[in-house]
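Protein chains in written order, with the numbering used here: chain A, 3 to 311; chain B, 4 to 356; chain C, 3 to 295.
One or more hints might be untrue.
[To be verified] Below 27 Å or equal to it, Euclidean Cα-Cα: the simulated DSS-like pairs (lysine-lysine) are:
| id | chain 1 | residue 1 | chain 2 | residue 2 |
| --- | --- | --- | --- | --- |
| 1 | A | LYS202 | A | LYS150 |
| 2 | B | LYS126 | B | LYS238 |
| 3 | B | LYS266 | A | LYS202 |
| 4 | A | LYS66 | A | LYS87 |
| 5 | A | LYS207 | B | LYS266 |
| 6 | C | LYS259 | B | LYS162 |
| 7 | A | LYS207 | B | LYS238 |
| 8 | B | LYS6 | A | LYS150 |
| 9 | A | LYS66 | A | LYS230 |
| 10 | A | LYS130 | A | LYS185 |
| 11 | B | LYS266 | C | LYS259 |
| 12 | A | LYS130 | B | LYS238 |
[Claimed, not checked] Partial pick of chain B residues on the chain C-facing surface, computed with a CB cut under 8 Å:
| id | residue |
| --- | --- |
| 13 | ILE120 |
| 14 | LEU123 |
| 15 | LEU125 |
| 16 | TYR129 |
| 17 | GLU139 |
| 18 | ASN146 |
| 19 | GLY288 |
| 20 | ILE325 |
[To be verified] Output of the computed footprint for chain B on chain C, the stretches with three or more beta carbons under 8 Å from beta carbons of chain B:
| id | region |
| --- | --- |
| 21 | 44-50 |
| 22 | 78-92 |
| 23 | 110-118 |
| 24 | 265-271 |
Simulated from the structure, these hints should not be mistaken for lab results.
A virtual CB, placed ideally from N, CA and C, is assigned to each residue, including glycine.
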Amino acid sequence: MADSKAVKMSDGALKSSASAGQAAGREKVGAPAKQTADSEKISASVDQAAGTEKDGTVPTLEVKNLSISFGGLKAVDGFNVVIGKGQLYGLIGPNGAGKTTVFNLLTGVYKPDTGMILLDGKNITGKKTIEINQEGIARTFQNIRLFKELSVLDNVKVGLHNHHRYSTVEGILRLPSFYRIEKEMNERAMELLSVFDLDKECDYKASNLPYGKQRKLEIARALATDPKLLLLDEPAAGMNPNETAELMETIRFVREKFSMTILLIEHDMKLVAGICERLTVLNFGQVLTQGETSEVLNDRRVITAYLGE
Amino acid sequence: MTKNKVRIQNAVTYGMVILFWVVIQVMDKTGHLTSLFKGLLVPLCMYAILAVSLNLTVGILGELSLGHAGFMCLGAFSGAFLTNCLETAVPGVGLRFFLALILGAAVAGVFGLLIGIPVLRLKGDYLAIVTLAFGEIIKNLINVLYVGRDANGFHFSMKDTTSLGLDEETGVILVKGAQGITGTPRAATFTIGILLLLLTLFIVLNLIHSRTGRAIMSIRDNRIAAESIGINITKYKLMAFSISAALAGMAGVLYAHSLSTLKASSDNFGYNKSILILVFVVLGGLGNMRGSIIAAMLLTALPELLRGLNDYRMLIYAIVLIVMTIFNSSPKAIELRSVVMSKLRGGAKKEVA
Amino acid sequence: MSFLSYFISGVSLGAVYAIIALGYTMVYGIARMLNFAHGDVIMVGSFVIFTVVSTFGLNPLIGIAAGVLACTLLGVTVERIAYRPLREATSLAVLITAIGVSYFLQNVALLIFGSNAHQFTSVVSLPNLVLAGGNLIISSTAIVTIISCIIIMIALTAFINRTKIGQAMLAVSEDRGAASLMGIDVNKTIAVTFAIGSALAAIAGALLCSAYPSLTPYTGSMPGIKAFTAAVFGGIGSIPGALIGGIVLGVIENLSKAYISSQLSDAIVFAVLIIVLLVRPTGILGRKINEKV
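Whenever a hint applies, use it, and build me the whole structure from the sequences.
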């Protein structure tokens, strides 16, 4: 299966390869062999529930009543969100509101106490981080987490790991499959790097990149896993206004080019107002308000939450 | 571009090993080798294999292991055991040695896997102490192991030879507790050692520069990020750890076939041996396989080359170790070195790192 | 009765491990390094005491004082020369220098005293305690060892909680950078830690060699490793952890020597360590560290 997919991904232009990849990703979701008996039961019942949503379209991400507490403190309390396919969605709120905790819940770093997470209508609640990535959620981190000692190219190639496969023995013995698939991986990785204007630095050690480019590389690496939903945790943190403006362009571009659904956490209101279509505001772990960006940003409660009374 | 660079680097490493073999052959033919140095040749290869294989765990996987000698011990004993068992069944010493190498690597690799499953979720110094503990346990268990064979098959005991209950006519004691295994043919030669070292390099270098190697290094560099992009942490940790163990086992078989008596003593397989191998790895540079080989060979030969200094040689060795580490790793020394280097180049231009 | 006597000598051995483990645990907690040479400091201390008592024929108390003084100086010197230059380097580099220091101390001792075992005269010259009509004999060395261990534990806890330098040690172990911003002299604090740990090693050496009088340049090596195991077992960085770890290990070692096999006692000790760490990955009293994502 993986092989056929790899072939699909490598032929044709970037856009077609991305959509082919997504199609293959969806096939994988349907494969029952991947699931445990337990989660299958749950997802079957949920699939029906999700199927009855308004006008029959299934949102890419649907989160219902998500909560977690750490030692009595409710870090996230009854979080809900619905993100449609291709949407650019913002998650904002003051420091310590629980935004990154939401990301950690979505990606399986923490297991929620209550609630349900549906990706394309499929229940992924309680799955492990690597399973969730294989289901189609990829993320970046607030404090950049690159593979520092690896080259820029190799960082992206690790992201391609599950889509372009050959066995360890094939790798050690340098069988023809090794050369063929490595070539595919290199081409695909270079395609991704050129989207982010990182192709000239492909041989650099990741830690030697300037800060702004490190953030971009993290996004490229996440995209390499061919996700349905991309989570960006403060992508503009530490960037100057020029870099931020450039980043906004890149995010927009990624959304168009890969028809990607994106959920991002950000403090830079210019960026949020500039690119997000809808927003959810978190305060003290609870949803303060959500809706169209312009409405939310003009909401008194939001201004109060940020600035105090 | 990097690919070519990697190829050149690897070719240099292989070339260095082959050149070393050629030089030794020439010196041997022209009679320039002392018998002392001749005796050192197989251990040189063995330590180089051990250092390269440990570097896979410490440098590439990024986990500190102090139990490498334990895996070597497992390999040595299972290999020597097989060679002695097959004495009548397989008359050719070469073939028996070959089979022993495979068995030794397999046994050590399987144990690496079995030990790795519970242990690899520990981190840093905790992992280090647990691997040390496993190494000591393996050594101690083999030290009290008695195995004999008679017409009825194999007999095992943890007490003494009499409790094996061997048939008096046909009974042969194969493993004799603290006295170990005797009578293993000394089939290990320098050429075989070099071939095994090249095989180790082939496996480790190709592994590193492949899909699997990237996954392993991604875990080293950032476990959380690796998980977030779908890398199976447990699988790749175990893989690196057990390949490293299997190669150590192979080195153990080489060692067993260079001695007439193999004992599971502390000198042979104790934690000090594991630490010695770690010293090679760290001084050679983490993740740098060529460095490991050079460090292993130099530091193994050094005490022997210093033999003229008699009692002082281990003292000098200790000082060399301390001074070299400080010179290699101290931030001040690194700064000083770069200043000296830029002055030597004669330019006032300081290179930007 | 024999069980009780094995048990008590186990506790006494464990008390020695606990005192050595303190050195490991304090240095680890504050300098974040495995001081592999700590076991050899014990050996150096023992040889100093041996020289003063057996060669010069002086009072054992003077011997212990000399041993403590020598080890304190040694600890501080080693820290200054071999470890301080590597303060900002990787922990592996420091581990390797510690190994170098260990080889160095062993070989200096080898040059001076040779490889033959020396008979150490016990520093405890009190009569043994005879109980239950002669059925249970508790050696005076065991009693002195256990009492010393208790005193040291109490004194050390008080030192850390009550004195300024003790508080500085806590601060440095919590966050070295923040501590130095608060005006704490980190280098001095670490030096003091090494001084205390090494002084304790000398006392541990005296007690260890009084119970097991054969003294060679390698005497400290295995007890050092075992004490380190004890420190990890109890939760490295924790002083009560060192005590618990030391005692448990000593008792297990002695009982398995007596009832199972003297050759396998080390294997059993290490097996228990592995089991404990698999259940509690940071030791019995160790704090759980969560990585923030």
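Here's how the hints hold up against the structure:
Distance restraint check for LYS202/A and LYS150/A: the Cα-Cα separation of roughly 18 Å lies within the 27 Å cut-off, and the hinted pair is therefore satisfied. A threshold of 27 Å between alpha carbons decides the hint, and for LYS126/B with LYS238/B the separation of about 16 Å falls inside it, so the pair holds. Between LYS266/B and LYS202/A the alpha-carbon distance is near 57 Å, which puts this suggested pair outside the 27 Å criterion. Simply put, LYS66/A and LYS87/A have alpha-carbon atoms about 17 Å apart, close enough for the 27 Å limit, and the pair holds.
A distance of roughly 46 Å separates the Cα atoms of LYS207/A and LYS266/B; the hinted pair therefore is violated under the 27 Å criterion. Annotation: proposed proximity of LYS259/C to LYS162/B holds, straight-line Cα distance about 14 Å (limit 27 Å). Restraint check for LYS207/A and LYS238/B: satisfied, since their Cα atoms lie roughly 26 Å apart, inside the 27 Å limit. Distance restraint check for LYS6/B and LYS150/A: the Cα-Cα separation of roughly 18 Å lies within the 27 Å cut-off, and the hinted pair is therefore satisfied.
For a cut-off of 27 Å, the pair hint linking LYS66/A to LYS230/A stands: about 19 Å separates their Cα positions. For a cut-off of 27 Å, the pair hint linking LYS130/A to LYS185/A is broken: about 31 Å separates their Cα positions. With a CA separation close to 22 Å, the supplied pair LYS266/B and LYS259/C stays within the 27 Å bound. For the hint linking LYS130/A to LYS238/B, the alpha-carbon distance of about 14 Å falls within 27 Å, and the restraint holds.
Interface hint at ILE120/B: violated, since its Cβ lies 10 Å from the closest Cβ of chain C, which is beyond the 8 Å cut-off. Taken as an interface hint, LEU123/B does not check out: its beta carbon lies about 11 Å from the nearest beta carbon of chain C, beyond 8 Å. Checking LEU125/B against chain C by beta carbon gives a least distance of about 5 Å; that is within 8 Å, so the hint holds. A cut of 8 Å between beta carbons decides the hint on TYR129/B: the least distance to chain C is about 6 Å, and the hint holds.
Given hint, GLU139/B at the interface with chain C, holds; its Cβ is 5 Å from that chain's nearest Cβ, closer than 8 Å. Hint status for ASN146/B: holds, given a least beta-carbon distance of 6 Å to chain C, under 8 Å. Using the Cβ-Cβ criterion of 8 Å, the hint placing GLY288/B at the interface with chain C is not satisfied: the shortest such distance is roughly 11 Å. Because the closest C-beta pair between ILE325/B and chain C is about 4 Å apart, less than 8 Å, the hint holds.
Chain B is given as covering the region 44-50 of chain C, and this is violated because 0 residues of the stretch bring a CB closer than 8 Å to a CB of that chain, at least three being needed. Using a Cβ-Cβ cut-off of 8 Å, 6 residues of the region 78-92 of chain C lie near chain B, which meets the minimum of three, so the contact claim holds. Against chain B, the region 110-118 of chain C contributes 3 residues with a C-beta closer than 8 Å to a partner C-beta. That satisfies the three-residue criterion, and the hint holds. With 4 residues bearing a CB less than 8 Å from a CB of chain B, the region 265-271 of chain C meets the requirement of three and the coverage assertion stands.
Going down the numbered hints, you'll see the structure goes against 3, 5, 10, 13, 14, 19 and 21, while the others check out.
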